[in-house]
Amino acid sequence: VQLQASGGGLVQAGGSLRLSCVASGTSLSLLVMGWYRQVPGKQRELVARITSGGPITYADSVKGRSTISRDGSKNTVYLQMNSLQPEDTGVYFCYGRMFISDFSDFWGRGTQVTVSA
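Numbers given in the working numbering equal positions in the sequence shown, counted from 1, plus 1052.
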């Protein structure tokens, strides 16, 4: 399974970005898809994730400003981020989890989001 993310870039504070991630290499629907963020010197942290037919989880830092959604038929996940702030800056990684006989986790290569003050 390969995850290809797009939509990152440079935006001014208060602006918006929409990240997209497409999973390929499988005909099965991923159980979970989501986004994590990493900044230099820190661990990768959850931004938002969505479970097929189940709950959505957001980091407290993005609640009310971001919306995650997915197109299950296309194994695609989106992250709409509004009212961006400099602290949202980081590399955003797409994440996917599949269950066949066991759980398997997959990561995309990351897309840079930079929010200028």
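The set of hints was computed from the structure by calculation and includes no laboratory data.
C-beta: ideal position from N, C-alpha, C; glycine also.
Check each hint, because a few of them may be wrong.
Between beta-carbon pairs, the in silico distance windows are [to be verified]:
#1 Ala1169 with Ser1058: 35 to 41 Å
#2 Gly1077 with Thr1119: 23 to 29 Å
#3 Val1053 with Gly1116: 29 to 35 Å
#4 Thr1119 with Ser1081: 19 to 25 Å
#5 Gln1056 with Glu1139: 25 to 31 Å
#6 Arg1161 with Gly1105: 14 to 20 Å
#7 Leu1080 with Thr1109: 18 to 24 Å
#8 Arg1117 with Gly1093: 20 to 26 Å
#9 Thr1103 with Ala1065: 18 to 24 Å
#10 Ala1169 with Lys1094: 18 to 24 Å
#11 Pro1138 with Thr1103: 28 to 34 Å
#12 Pro1138 with Ser1072: 20 to 26 Å
#13 Ala1169 with Ser1081: 22 to 28 Å
#14 Gly1067 with Asp1112: 18 to 24 Å
Here is what the structure says about each hint:
| no. | hint | in the structure |
| --- | --- | --- |
| 1 | Ala1169 with Ser1058: 35 to 41 Å | 25 Å, violated |
| 2 | Gly1077 with Thr1119: 23 to 29 Å | 27 Å, holds |
| 3 | Val1053 with Gly1116: 29 to 35 Å | 31 Å, holds |
| 4 | Thr1119 with Ser1081: 19 to 25 Å | 20 Å, holds |
| 5 | Gln1056 with Glu1139: 25 to 31 Å | 26 Å, holds |
| 6 | Arg1161 with Gly1105: 14 to 20 Å | 28 Å, violated |
| 7 | Leu1080 with Thr1109: 18 to 24 Å | 22 Å, holds |
| 8 | Arg1117 with Gly1093: 20 to 26 Å | 24 Å, holds |
| 9 | Thr1103 with Ala1065: 18 to 24 Å | 31 Å, violated |
| 10 | Ala1169 with Lys1094: 18 to 24 Å | 20 Å, holds |
| 11 | Pro1138 with Thr1103: 28 to 34 Å | 30 Å, holds |
| 12 | Pro1138 with Ser1072: 20 to 26 Å | 23 Å, holds |
| 13 | Ala1169 with Ser1081: 22 to 28 Å | 40 Å, violated |
| 14 | Gly1067 with Asp1112: 18 to 24 Å | 21 Å, holds |
In summary, the structure is inconsistent with hints 1, 6, 9 and 13 from the numbered list given earlier, while agreeing with the others.
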